[in-house]
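Number of protein chains: 2
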Amino acid sequence: MAVITDILRAKRDSKPLSREDLYRFASGIADGTVTDYQASAFLMAAYINGLDSDETLALTMAMRDSGTVVQWDKSLSPLADKHSTGGVGDKMSLILAPLAASIGIRVPMISGRGLGHTGGTLDKLESIPGFNVNLTLEQFKEQTADVGVCMIGQTDRLAPADRILYSLRDATSTVTSIPLICASILSKKLAENPDIIVFDVKCGTGAFMNTREDAGELARTLVRISKMSGKKASALITSMNHPTGLTAGNALEVQESLNILRNKGPADSTDLTVALVAEMAAHAGIDNGEELCRESLLSGRAMDVFVEMVEAQGGDIAAFEALPLAPVVMDVRASRTGYWRGPDALAVGNAVRKLGGGRYRVEDRVDPLVGWEQEVPCGFPVENGQLLGRVHAAHRDAAKEAINTISCSFRWDAPSDALILEEIR
Amino acid sequence: MAVITDILRAKRDSKPLSREDLYRFASGIADGTVTDYQASAFLMAAYINGLDSDETLALTMAMRDSGTVVQWDKSLSPLADKHSTGGVGDKMSLILAPLAASIGIRVPMISGRGLGHTGGTLDKLESIPGFNVNLTLEQFKEQTADVGVCMIGQTDRLAPADRILYSLRDATSTVTSIPLICASILSKKLAENPDIIVFDVKCGTGAFMNTREDAGELARTLVRISKMSGKKASALITSMNHPTGLTAGNALEVQESLNILRNKGPADSTDLTVALVAEMAAHAGIDNGEELCRESLLSGRAMDVFVEMVEAQGGDIAAFEALPLAPVVMDVRASRTGYWRGPDALAVGNAVRKLGGGRYRVEDRVDPLVGWEQEVPCGFPVENGQLLGRVHAAHRDAAKEAINTISCSFRWDAPSDALILEEIR
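Sequence order for the protein chains is S and Y. Here the first sequence stands for residues 7 to 431, where the numbers follow our numbering. Here the second sequence stands for residues 7 to 431, where the numbers follow our numbering.
The set of hints was computed from the structure by calculation and includes no laboratory data. A quick note: this is a predicted structure, and the numbers were derived from the prediction, not measured. Hints may be right or wrong, so weigh each one.
Listed next, the stretches of chain S that the computed footprint assigns to chain Y, with coverage defined by at least 3 CB atoms under 8 Å from CB atoms of chain Y [what the hints assert, rightly or not]:
| hint | region |
| --- | --- |
| 1 | 11-23 |
| 2 | 34-44 |
| 3 | 49-55 |
| 4 | 175-185 |
Heads up, the beta-carbon is just placed ideally off N, CA and C, and yes, glycines get one too.
Put together the whole structure using the sequences plus the hints.
The following block contains the structure:
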């Protein structure tokens with residue numbers, strides 16, 4: 007079997023790596039026989055010289071197999087999960103998971119914390135008092151079987167090689183490599199082991215991928231490698247030039263999610279969530295997925311599943327709805343009359359992070375109460391002086407700074423982007 | 007100033023690095039703000055995408071300036087040093103340094119230990135009982151002024167960034183990069199700060215560079231970057247398909263060096279050493295360097311300087327000459343009649359290392375007494391049964407194994423290589 011220096015030499019010289027090479031690499035990372043500095047040399051060589059589909063698949067499977075792969079009873083199928091590349095106001099997981107479960111598709115979802123503009127799914131869930139995201143894999147499996155949905159945080163048992171590689175990529179400038187991104191995302195999803203994976207690949211100012219081209223390439227790679235690994239998979243490419251929905255900030259986004267589950271949410275968030283669940287449904291052989299979703303939102307069945315999940319995980323929705331507002335809530339009004347496209351996604355993301363709603367470093371704690379709440383959806387005509395939204399902040403100076411950042415990014419008088427740009431199957 | 011991730015990104019994307027970038031990198035390595043894994047990512051990116059002359063110069067200077075640069079009194083000029091890329095039987099430094107000093111060129115020489123087939127210059131010197139290679143930089147400067155020559159081991163004060171980068175290169179498969187090799191060699195030589203640097207770049211089976219082309223590229227790069235840094239420099243490309251001289255092994259090579267200094271050594275070692283000192287002399291404006299060297303060897307002046315250096319550094323030549331032979335000395339005889347080209351350099355190197363004369367790991371101790379001693383120089387006609395050489399070993403089994411390795415590599419009936427293949431100025 008090749009030793010690690012042979013593997014590094016081969017990738018350095020653009021020679022093909024075998025499945026065995028990549029298993030040797032990933033298992034060596036997990037067991038410590040491949041050092042951090044060797045892993046970094048690999049990441050840089052793979053970044054520069056690329057990994058082809060076979061290598062990307064092998065690396066993904068090897069990273070998956072560096073830890074536990076969850077095994078599900080056949081009777082629980084179809085099991086599905088969604089991965090989003092992340093954006094500002096992206097609270098889809100909170101709605102999607104119970105909505106899919108309500109139409110018969112179980113969703114075992116393992117999420118990360120946000121290290122970026124705004125909080126991640128776990129941060130949002132934790133704004134619900136008592137909500138426990140630290141279940142064991144056994145509890146995770148049990149609840150997925152019983153309730154149809156369970157949402158927890160990453161565990162050291164799944165894809166440990168990914169945790170180490172992921173921690174090195176930022177500091178070694180090897181983040182923006184499609185094969186490495188794909189292996190990182192998919193190794194964790196494959197360890198979770200659903201039958202169906204749907205991707206929401208965002209592009210725009212507030213997304214990881216700024217251009218449609220890059221997002222398309224990532225989406226195609228994710229779908230291709232997922233299928234090669236034996237999963238049913240597809241992707242939506244969606245726009246992230248403006249925040250999705252009306253809120254950005256942890257508790258504000260949970261509140262918006264509750265509104266959507268009560269069928270009283272903004273159209274864009276609702277439509278995107280329904281579209282993602284309909285993708286899952288199509289893979290599961292359910293043709294009328296969108297119709298079933300609309301019915302479930304209308305009847306309250308999706309909301310019932312959400313409540314059941316929150317209760318099973320120790321959360322208290324009544325306590326959440328009794329949460330106070332942030333200490334300062336400050337209005338933002340239109341300074342002109344016209345067709346308001348809304349704020350830029352990146353500007354809102356930066357403002358919310360500065361308010362304390364996101365992280366600069368992994369050890370930062372997020373403030374659940376702060377954020378941006380829009381009164382008028384993007385793409386509507388407004389009058390000078392009209393209330394556009396509110397900043398929720400811990401104190402006045404922070405609120406003023408956020409208002410300045412967000413207001414300066416307002417765009418006017420141009421057609422809005424479509425939210426769903428392309429479907430990749 | 008660019009942060010390290012910007013520097014990694016630039017080299018990753020083949021964008022030029024500035025002098026400031028490379029100083030930031032090297033100083034960060036020395037002060038620990040650039041981690042091992044970031045350094046490794048840089049090494050791999052630099053290996054794959056290369057470093058141009060300006061970048062190589064800047065990296066070399068930055069690595070030099072990560073520690074102390076020795077300052078010499080003008081009155082001590084010309085100061086010269088030699089660097090060899092290393093080979094089997096390469097004992098030139100031991101002769102060259104006192105020989106150059108004997109014709110008026112001071113040689114302050116800082117050497118490494120061998121991690122390869124046979125011992126390094128320090129290992130050879132340490133086979134002289136009492137010889138101390140661990141002087142302070144202040145003692146090093148004083149002795150160079152007083153005796154004209156001083157030979158010591160590497161110190162943490164000179165080019166500390168090189169020590170760290172060098173330690174990472176083997177494990178990250180980034181050794182065989184001409185710019186990285188050049189920066190490593192030259193940063194230490196520039197910290198030592200002589201006026202003149204002469205390179206002996208070896209090519210062949212027993213050399214770091216196997217081909218003439220690779221050796222030529224390294225030699226041209228070393229000379230070019232040395233000149234760009236303000237030094238007088240030239241290189242000889244020399245053959246390393248057979249061991250140089252008649253011995254390979256630490257004490258055996260010191261004995262051969264004493265023979266050469268007494269003008270009783272083999273022609274090839276003597277000629278190569280004289281040629282290297284003549285290069286130094288030409289840079290110092292001395293036209294008849296070769297003639298002066300031959301006179302110095304004949305008159306015993308070079309030997310006098312060697313004795314003076316050994317005594318100044320605590321060594322005892324009489325004790326060295328009274329050393330016992332290795333426990334087993336076994337003859338090797340010709341198994342045919344013909345024109346004997348001698349053993350292969352790599353085979354001798356491997357055999358001597360296996361005998362205990364070289365290292366497999368940095369912490370290995372070398373046995374000074376073992377090695378290979380040739381009776382007949384390479385390229386002479388021999389009779390069947392004639393004594394060709396002797397293996398010096400710690401026990402009979404080791405001797406037999408070494409004899410087998412060396413004998414199997416004998417070459418016959420073809421013209422010998424010239425030793426000096428090319429001069430690069």
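Taking the hints in turn, this is what the structure says about them:
1. For the region 11-23 of chain S, the assignment as covered by chain Y holds, since 5 residues bring a beta-carbon within under 8 Å of that chain's beta-carbons and 3 suffice.
2. For the region 34-44 of chain S, the proposed coverage by chain Y is satisfied: 4 residues have a C-beta within less than 8 Å of a C-beta in that chain, meeting the threshold of three.
3. Given as covered by chain Y, the region 49-55 of chain S passes the check, having 6 residues with a CB less than 8 Å from a CB of that chain where 3 are the minimum.
4. Counting residues of the region 175-185 of chain S whose beta carbon lies closer than 8 Å to any beta carbon of chain Y gives 5, which meets the minimum of three for the stated coverage.
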